Amino acid sequence: MLTLFTRQAGAALRMLLVATVVLGLAYPLSVWAVAHVPGLASRAEGSVVHGADGTPTGSALIGIDPVPADPANDPYFHTRPSASAQDVLGPGDPSTSGGSNKGGFDEDLIAAVEQRRDAIAEREGVAPDQVPPDAVTASSSGVDPHISPEYAQLQVPRVARRPACPMSACRNSSRRTPGTPCWGSSVPTA
Amino acid sequence: MSATSAGLVQLGVLLVLLAVVYVPFGNHLAAVYTSDRHWRVERAVYRIARVDPDAEQRWTGYAAALLAFSFLSIVLLYLLQRLQGLLPLGLGRGPVEPGIAFNTAVSFVTNTNWQSYVPETVMGHLVQMAGLTVQNFVSAAVGMAVAAALVRGFVRASSDRIGNFWVDLVRGVVRVLLPLSFVAAIVLVALGATMSLRAGVDVTGVDGSQNTIALAPTASQEAIKELGTNGGGIFNANSAHPFENPNGLSNLLEIFLILVIPVCLTRAFGVMVRDARQGGVLLAVMGVLWGGLLAIAWWAETHPNGPATLLAGAATEGKEVRFGIPSSVLFAVSTTGTSAGAVNSLHDSYTGLGGGVVLLNMLLGEVAPGGVGAGLYGILVLAIIAVFLAGLMVGRTPEYLGKKLGRAQVTAAAISLLAMPTVVLLGAGAALAQPGELDAALANSGAHGLSEVLYAYASTGNNNGSAFAGLTVTSPFFQSTLGLAMLFGRFVPILAVLALAGSLAAQKRVEPGAGTLPTNGPLFGVLVGGTVVLVAALTFFPALALGPIAEALL
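Those protein sequence lines, which keep their order, are chains A and B.
Using our numbering, you'd call the opening residue of the first sequence number 1 and step up by one each time.
Using our numbering, you'd call the opening residue of the second sequence number 1 and step up by one each time.
Covered by chain B, per the in silico footprint, the following chain A stretches (three or more residues, Cβ under 8 Å):
#, stretch
1, 35-43
2, 48-59
3, 67-77
4, 89-99
5, 104-110
6, 125-136
7, 141-151
If you are wondering where the hints come from, they were derived from the structure by calculation, not from laboratory data.
The model shown is predicted, which means the values in this text are computed figures rather than measured ones.
For glycine and all other residues, C-beta sits at the position ideal for the given N, C-alpha and C.
Let's have the full structure, built from the sequences with the hints guiding it.
Structure below.
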């Protein structure tokens with residue numbers, strides 16, 4: 001077997017080098033080239049969303065929870081909790097990704113769910129049992145860009161308290177990406 | 001549309017897609033491994049590698065070529081990681097530390113793609129492409145090659161040759177994996193997956209916060225990650241990350257890619273043995289197992305029992321809103337029934353029963369429908385055991401597909417079958433005997449903690465790669481034992497299967513007689529399915545009772 005093995009080793013090495021060049025360089029680089037034709041390029045580079053002045057404000061696919069300057073006057077739709085956040089709520093770190101990996105019997109998870117439920121109920125001025133499940137559980141990626149319609153609706157009255165933001169515009173924007181504030185009467189594009 | 005009906009629609013579309021491609025793609029796969037014509041580009045590769053594509057090998061030569069190729073692959077992938085600091089596109093991430101480098105090299109070469117590292121911070125783009133993507137392709141092609149060699153063993157008579165490893169390897173890549181991956185990668189980009197050579201993009205949020213969003217050459221690796229049932233994510237969150245799996249359509253595509261080769265290989269098998277129903281029976285067994293486990297997991301995740309889950313109101317911890325419970329469960333059962341191990345939700349956060357189902361799916365030997373190639377040779381081994389058991393019942397020499405199953409064949413089948421349980425139970429037992437390791441490693445206590453350890457060895461022993469990822473596996477003990485579990489779980493069955501192929505090819509064909517058990521009908525399907533369940537139940541019931549079953553009954 002050993003002589004058979006050494007006899008094949010040369011072919012194996014050459015085959016591996018060919019594979020590295022073709023599958024490891026030519027293949028990904030040609031996918032990269034096709035992915036950068038107009039129309040695909042912005043997706044290939046992360047579906048980045050730009051503000052009015054052209055600065056990148058985020059990605060249409062990545063949820064980062066916004067932090068209000070004044071918690072008493074919170075204008076933002078909030079994302080789901082992220083396991084990489086410092087506290088039970090608040091923004092996670094989009095330079096990495098992942099979830100809590102906690103099971104349903106875990107004491108830490110029970111405590112986190114309780115704290116999130118109370119904090120969100122207080123923020124939205126509702127009873128704790130009105131807070132939907134996705135609002136109190138961390139996503140798998142930690143950057144989940146979506147929230148359930150229930151969680152969006154729960155946040156509409158608070159966001160609509162802003163004088164320049166009629167309820168109808170907020171209901172519209174609540175169907176879109178969370179984490180974007182309600183800009184007056186215009187519907188956010190992100 | 002409710003989550004349940006959306007999930008049912010996705011399931012329906014998936015089954016229709018698989019049904020549509022089953023015959024044409026299965027026929028294509030059969031042609032790939034039986035055609036005697038070489039493509040021009042393949043000839044060029046053979047010339048560079050200096051192999052003679054028309055010289056067929058004995059099983060020993062075939063195995064030696066396979067082992068030499070895999071061994072050198074491990075060495076090269078290890079060196080690429082260790083030298084990352086000196087190579088371009090390393091993104092300043094420096095050399096990968098030896099424990100991770102060893103574990104990862106073994107993991108990707110064995111088609112496991114178990115990941116003991118956070119890709120966004122450890123692996124640069126060059127190692128991802130020139131190292132990991134390459135092994136995504138060739139480890140899948142190796143699996144298909146072994147399956148093709150075993151089928152040739154049944155088809156041929158009085159021959160000492162089972163094919164040429166290099167030809168099978170190159171054809172699997174050139175005629176199947178590469179073209180499909182390329183198309184799938186472009187579609188994934190169109191759906192929103194990234195394909196960037198930058199490390200990340202700096203953004204200033206609407207609230208003024210500064211963040212860096214990680215980018216990667218995702219699509220090219222994502223496509224082969226699913227198609228080759230590999231499963232190693234370019235992001236830590238794997239297919240739960242929006243850049244790997246941005247929406248419901250990409251999710252459907254990824255599940256389809258995971259299942260398409262294992263499913264259609266049963267057709268290829270049927271074509272190669274000139275009786276399509278032989279493949280149909282095996283597919284039916286795979287389908288019933290997959291469907292049954294899917295139903296149980298779906299029910300379990302919508303009927304949770306853990307206090308944290310009950311308090312939250314639903315089992316949404318570790319699941320993404322865009323997938324919901326149905327598409328998460330569909331992905332989970334497909335990824336653990338094959339050797340993929342990609343995840344779009346965190347299996348560790350599943351309910352006791354739901355997590356138990358995905359664990360059991362691997363412990364069945366990953367035959368529902370199994371990894372690329374590994375699924376087919378896995379279920380053929382189980383079919384041999386089923387024929388043998390049936391032969392014992394009626395007291396006749398067992399035959400399968402015109403070959404007598406004597407002592408040598410059944411021994412090889414038994415070795416192939418028992419390698420995985422041996423590795424899983426010894427590994428998990430060794431880990432559980434070390435309280436010091438467990439204190440540092442476990443994220444959950446009690447029954448769920450035991451499930452985490454059992455899952456780690458089940459996943460590596462079966463070359464799956466998914467995880468109850470709460471377990472911290474970076475200690476030297478886990479890195480080395482899980483690495484060994486992957487090596488033994490991959491190569492012991494492969495060697496046994498190649499030996500089996502050699503011994504079958506050497507036999508004369510026996511014509512079926514009055515006492516031959518028909519192996520292309522429902523009765524045989526029940527026998528094979530029963531064998532799959534019986535072997536797993538006898539081996540793993542005690543371990544499962546202490547882990548997921550206990551948690552489900554709490």
